[in-house]
Amino acid sequence: MAHGPAKGFSRWLYTTNHKDIGSMYLWFSFAMFLLGGVFALVIRAELFEPGLQIVEPGFFNQMTTMHGLVMVFGAVMPAFVGLANWMIPMMLGAPDMALPRMNNWSFWILPFAFAMMVSTLFMEGGGPNFGWTFYAPLSTTYAPPSVTFFIFAVHIMGASSIMGSINIIATILNMRAPGMTLMKMPLFVWTWLITAYLLIAVMPVLAGVVTMMLMDIHFGTSFFDAAGGGDPVLFQHVFWFFGHPEVYIMILPAFGIVSAIIPTFARKPLFGYSSMVYATASIAFLSFIVWAHHMFTVGLPIAGELFFMYATMLIAVPTGVKVFNWVTTMFRGSMTFETPMLFSIAFVILFTIGGFSGLMLAIAPADFQYHDTYFVVAHFHYVLVPGAIFSITAGVYYWLPKWCGNMYNETMGKVQFWLAFIGLNVTFFPMHFVGLAGMQRRVPDYNQFFADFNMISSMGAFLFGAAQLMLLYNVISTIMSGKKATDEVWEDPEGLEWTVPSPAPYHTFSTPPPIK
Amino acid sequence: MSGEGTYYVPEQSKLPIFASIGLFITVYGAAGWLNGGTPTLFTVGFIMFAMVLWSWFSIVIKENLAGLNDAQLKRSYVWAMGWFIFSEVMFFAAFFGALYYMRNISLPELGGDNTTNEILWSGFKEVWPLMVTPDMAANGTSATVVGPDINMSVTTADSIFTWLPFWNTAVLLTSSFTVHFAHTALKNNNKKGFNLWLGITVALGIIFLFLQAAEYIHAYAENLKIHHGAYGTTFFMLTGFHGLHVTMGTFMLLVMWLRSVLKGHFSHEDCFGFEAASWYWHFVDVVWVGLFIFVYILG
Amino acid sequence: MLITINRLMVWLFTPALLLLSNAQAIAQSAERSTINMPIGVTPVSQDVYGLHMTMFWWCVAIGVVVFGVMFYSMIVHRKSNGAKASNFHDSLGLEIAWTVLPFVILIIMAIPATSSLVKLYDTSESEVDVVITGYQWYWGYEYLDQDVKFFSRLSTPQEQIYNQAPKGENYLLEVDEPLVIPINKKVRFLVTSNDVIHAWWVPDLAVKRDAIPGYINESWARVEKPGTYRGVCAELCGKDHGFMPVVVKAVEQEEYEAWLGERREAAAKIKELTNKTFSLDELVVQGEAVYNKACVACHGANGEGGVGKAIAGSPIATGDMAAHIDIIVNGSKNNPLMAAYKETLSEVDTAAVITYQRNAFGNNTGDVVQPIDILKFKQGK
Ligand code: HEA
Ligand code: HEA
Ligand code: CUA
Ligand SMILES: [Cu+2]
Chain D
1 MAHGPAKGFS RWLYTTNHKD IGSMYLWFSF AMFLLGGVFA LVIRAELFEP
51 GLQIVEPGFF NQMTTMHGLV MVFGAVMPAF VGLANWMIPM MLGAPDMALP
101 RMNNWSFWIL PFAFAMMVST LFMEGGGPNF GWTFYAPLST TYAPPSVTFF
151 IFAVHIMGAS SIMGSINIIA TILNMRAPGM TLMKMPLFVW TWLITAYLLI
201 AVMPVLAGVV TMMLMDIHFG TSFFDAAGGG DPVLFQHVFW FFGHPEVYIM
251 ILPAFGIVSA IIPTFARKPL FGYSSMVYAT ASIAFLSFIV WAHHMFTVGL
301 PIAGELFFMY ATMLIAVPTG VKVFNWVTTM FRGSMTFETP MLFSIAFVIL
351 FTIGGFSGLM LAIAPADFQY HDTYFVVAHF HYVLVPGAIF SITAGVYYWL
401 PKWCGNMYNE TMGKVQFWLA FIGLNVTFFP MHFVGLAGMQ RRVPDYNQFF
451 ADFNMISSMG AFLFGAAQLM LLYNVISTIM SGKKATDEVW EDPEGLEWTV
501 PSPAPYHTFS TPPPIK
Chain S
517 MSGEGTYYVP EQSKLPIFAS IGLFITVYGA AGWLNGGTPT LFTVGFIMFA
567 MVLWSWFSIV IKENLAGLND AQLKRSYVWA MGWFIFSEVM FFAAFFGALY
617 YMRNISLPEL GGDNTTNEIL WSGFKEVWPL MVTPDMAANG TSATVVGPDI
667 NMSVTTADSI FTWLPFWNTA VLLTSSFTVH FAHTALKNNN KKGFNLWLGI
717 TVALGIIFLF LQAAEYIHAY AENLKIHHGA YGTTFFMLTG FHGLHVTMGT
767 FMLLVMWLRS VLKGHFSHED CFGFEAASWY WHFVDVVWVG LFIFVYILG
Chain H
816 MLITINRLMV WLFTPALLLL SNAQAIAQSA ERSTINMPIG VTPVSQDVYG
866 LHMTMFWWCV AIGVVVFGVM FYSMIVHRKS NGAKASNFHD SLGLEIAWTV
916 LPFVILIIMA IPATSSLVKL YDTSESEVDV VITGYQWYWG YEYLDQDVKF
966 FSRLSTPQEQ IYNQAPKGEN YLLEVDEPLV IPINKKVRFL VTSNDVIHAW
1016 WVPDLAVKRD AIPGYINESW ARVEKPGTYR GVCAELCGKD HGFMPVVVKA
1066 VEQEEYEAWL GERREAAAKI KELTNKTFSL DELVVQGEAV YNKACVACHG
1116 ANGEGGVGKA IAGSPIATGD MAAHIDIIVN GSKNNPLMAA YKETLSEVDT
1166 AAVITYQRNA FGNNTGDVVQ PIDILKFKQG K
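As they're listed, the protein sequences go chains D, S and H. Residue numbers for the first sequence follow the working numbering, so the first one is 1 and each next one is one higher. Residue numbers for the second sequence follow the working numbering, so the first one is 517 and each next one is one higher. Residue numbers for the third sequence follow the working numbering, so the first one is 816 and each next one is one higher.
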């Protein structure tokens, strides 16, 4: 085994090291976040005022679609995989991921998949313009020809996710240091174990549904065509069977990160560790039986409607357990508020708000008014941006000193937090109002009635974007210079990753560490 | 997980990046081809991808023979194969789900006693196998989505022995036993028996594929095609994807057989490559049983 | 712009709290609220509004408790205050309590939700039935058993959309012909689509139903107050998804019947016109109007094309007449965007637009086609 990284660019191309691969995932994800963010800024710029000013409606739809796809599949998921790559082997006392070469393959598929997806924007007829949920028949019979490229991009992206998840499961189940029993694993590892199962269960279903699209488009099958006995709603069932678990895929690892950070800065062990594990598992289980809450208005029979409403509401219970556990962890602690903690606290508050609006959406009769309005957009940005994005940011600040050996600039971190926090609320809170007042999603133009709040939203979006550039600057300058971090970095944090030097050596544990 | 020596973390490898490029060219080429282009790019990519995978597997085999793989790593492979098969199960689940949905939800709605039928598809009756599509029932000769002329269901009980799917089932089920016998032979250190039983399994796989091809030719000749409404759709998609998996499974077993016959690989304690292929084979078999019941018998 | 910024300042400095306490008051006033759901004008919409507010206040209450405890700890148990960390990390009792309590709350929420849903789903015993069909990008309405059928398109002029004219009050929420329904009658909506999925939504009626091609979804409303209620298409349906509003006019029964009578007469007149022979000029004038309403979005104001092919110099619009009629009546086989207009354009309008296309944009063919020819073409099919 070589002891240091190879020189030059081939280090990154050929690497089998979990830290290298983790870093590549994280950088890739950040690039995609900026790209998805630029798409969002196009959306917000067009929506700054009523009337069409910047883009044509057809292109606007492409922006909405690409924004959703790039953020979900390009930014959030790879970021969590990146953190998993970096942290899981260190947290378990393992030498590396279980299957290092496949690990590198999982990563390298992604840049190609996204190059293929983004290249559709330049094709004749334009890129995907049917929303990130690509409902048939808009995405089949009525789609631009580039949809074929989109379909194959989804296929290989799915292959990457499946291989990544298999790797994570094998690592967690097979690579733990002696004595690291399952119930001693950090919650981040637990949440990822469960997330990986979700991924393996639903990514193939996504592959299945895009395959059906491909067949309907090119081979004349009738999956989604009533004339031949199919049903456009079938598409939605299959899509959401994937899609709903997918949204938990984007939040469970976040729960893990926050569960690592809050105890550290409250200086108190995590409250209710085992109930956290069970709650995560319950959420995962429930996530398979709630999908049709996205389809309350498609005309399901009332029994189905009721079933999916009740099942969806149930998710509030295990999620509540988590929120209560975090709050109780803080209670009677000795708290300090470094940047990772600020992001984590904001996570708990804002995610809960997003969860509340989710619960309102779950009430089927009320969803008849909310569905496909900006109220839904507000809901999911509250769970995704201060949820997924904030937790990732918190994790980056928390572990960055361990990764590169340097301490980030705390003042800048705090300023960035406040900018992001304000920007985010200014952007997304007013969306609740315009949604309730009747503004539908996925439109480039609207009545003046909604003008004020849209303008506020747009200004918030640019503020939030600026905050992200600040994060980029802070991270780069920490890596380049910055004062040396201690091995423990924080005050008596829990976990094996803090027992190794900062920066963590290229190969962490060639022999398993002792576990208390 | 007691101290089992050091886990084998491979050196740098060019395989992943080349595999990614190969895969990328394959799918990019496929998309271009489907959109009216030529198959050239697809072919180039596919060959490249296949070559990379070939050398990837060769390297893994060499490492194993060189004794680099400890028991722990082998367990990783076991987990990986297991969960890969699970992902395949979910992939098929999507298609079985579609079949279920069409037969039990969408067709009854289209052909039921309700406003959908009354206003949009009057005259359509839901009968499975679906020979008359809603389009045909409602729009007569100007229909664009027409049904097939024949279906593959068994007509009478005594014609079952001349019914091809029956023989396909027999062939595939038998092959599940023979692959198991091969495994038992290997466990008993009986390499000859192993080669024999495995060879028979491969042969059965190939026979199955021939029969399947014959069925397709018959179907197309008698005007049962993939674009013939819900029946054509589900019939060809389910059997087609299964057929693709049988092809892959047969290929895997063939490679294992060649490794054993030509190179003398596999011993009773080191045979995971074969075991993985055989699990895959059992999985393909189970899927067929599902197909046989839901596509053919209840068809 | 200046005014907008002024109003903006007011909003920016309006504390969120004010807004919460005002929500109810604002919503109850006759004005539409900019921050909340309309109460609406049907029993169901009022139910839904009630549910919405109940849910909202539950969430506020739970939020107050959870965030209250959290902020209390953050203020009191901070290190800079000299707080010493205690070490407790488990309590079965607490865990059970905060599992059971939310569960109970959820049951309390689910009960009224269930009963509202049952009401919402009961489409039996309707007094008026309307078939609503979504098209890219307008709505078609057909009164079952009444022989009345028409289309309802956005009537906001392009200049307003492209900021070349000041925007009217109902910008993007106005149509040429609204759906007219009687008040205090159970009206059943049978919603379907001709192409992609749309969704027919009127907030004041609390009706939102997906329009799915090949299937019919049912919904209903009993409007209690006469008035004009505006809604939109609420499912992404392509380019002009944002430009296919819904307008419903609820009127007294007599007015409704009078309107229906007029409509029937108009339909009869159109039938009559079909048999009339028009001059080239008459057809071109009418054809231009049809073109600018139905075709201009894709084929351009000067027939230069865009999403659709150019009409100026088009081989079809200058060549064989039958092919020209065919592509408009039956749509293009190659591109679903060029939809079939056999249902959506009357024979007169079809003849007019064809004549127009053959004589405008430099296509000076001099050809004329009469409505009766279109009718024959359609019947021949
Ligand atoms: C990270 C992603 C994420 C997460 C975690 C969630 C969480 C939840 N979501 Fe959300 N959702 C999305 C992402 C997410 N969602 C996306 C992307 C869409 C739109 C997709 C599209 O159409 O494009 C969507 C859409 C969506 C809809 C469809 C709306 C529509 O289109 O009409 C619904 C409906 O039920 C819903 C419900 C919920 C619920 C009940 C939860 C619950 O899990 C929330 C549970 C949490 C809490 C409730 C708060 C904490 C709990 C307590 C403090 C306990 C006590 C509380 C009570 C008893 C009330 N979501
Ligand atoms: C994790 C997922 C995620 C994230 C993080 C975000 C982040 C943001 N999203 Fe959204 N969004 C979705 C997932 C996400 N989104 C999904 C799934 C949809 C539904 C799509 C659909 O309907 O199909 C959606 C839809 C959606 C809409 C509705 C569009 C419509 O209905 O037409 C809007 C509108 O405002 C919006 C806005 C934003 C904004 C302002 C951000 C901001 O947080 C973004 C902030 C980031 C930046 C602004 C980047 C900073 C970069 C720069 C400043 C430039 C630097 C450039 C270089 C260096 C090259 N998003
Ligand atoms: Cu029609 Cu959106
Ligand atoms: Cu969901």
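Check each hint, because a few of them may be wrong.
[Claimed, not checked] Within a straight-line C-alpha distance of at most 25 Å, the following computed DSS-like cross-link-like pairs (lysine-lysine) qualify:
1) H/K1040 to H/K1064
2) S/K741 to H/K1064
3) H/K982 to H/K1054
4) H/K894 to D/K414
5) D/K7 to S/K530
[Stated by the list, open to error] Residues from chain H that keep clear of chain D, each with C-beta distances beyond 12 Å, as calculated:
6) S860
7) D862
8) M868
9) G878
10) D905
11) L932
12) P993
13) V995
14) K1054
15) W1074
16) L1075
17) E1103
Simulated from the structure, these hints should not be mistaken for laboratory data. Cβ atoms here follow ideal geometry from the backbone N, Cα and C, with glycine treated the same way.
Taking the hints in turn, this is what the structure says about them:
1. H/K1040 to H/K1064: Holds. H/K1040 to H/K1064 sits at ~10 Å (cutoff 25 Å).
2. S/K741 to H/K1064: violated (50 Å)
3. H/K982 to H/K1054: holds (21 Å)
4. H/K894 to D/K414: holds (18 Å)
5. D/K7 to S/K530: holds (15 Å)
6. S860: H/S860 not clear of chain D: closest Cβ-Cβ about 8 Å, inside 12 Å.
7. D862: violated (7 Å)
8. M868: Violated, since 10 Å does not exceed 12 Å.
9. G878: At roughly 7 Å from the nearest Cβ of chain D, H/G878 sits no farther out than 12 Å, so the non-interface label is violated.
10. D905: violated (6 Å)
11. L932: violated (5 Å)
12. P993: holds (16 Å)
13. V995: Answer for H/V995: holds, closest chain D Cβ roughly 21 Å.
14. K1054: Not fine: 5 Å to the nearest Cβ puts H/K1054 too close to chain D.
15. W1074: At roughly 26 Å from the nearest Cβ of chain D, H/W1074 sits farther out than 12 Å, so the non-interface label holds.
16. L1075: Correct as stated: the minimum Cβ-Cβ distance to chain D is 28 Å, above 12 Å.
17. E1103: holds (24 Å)
Of the hints listed earlier, those the structure fails to meet are numbers 2, 6, 7, 8, 9, 10, 11, 14, in rising order.
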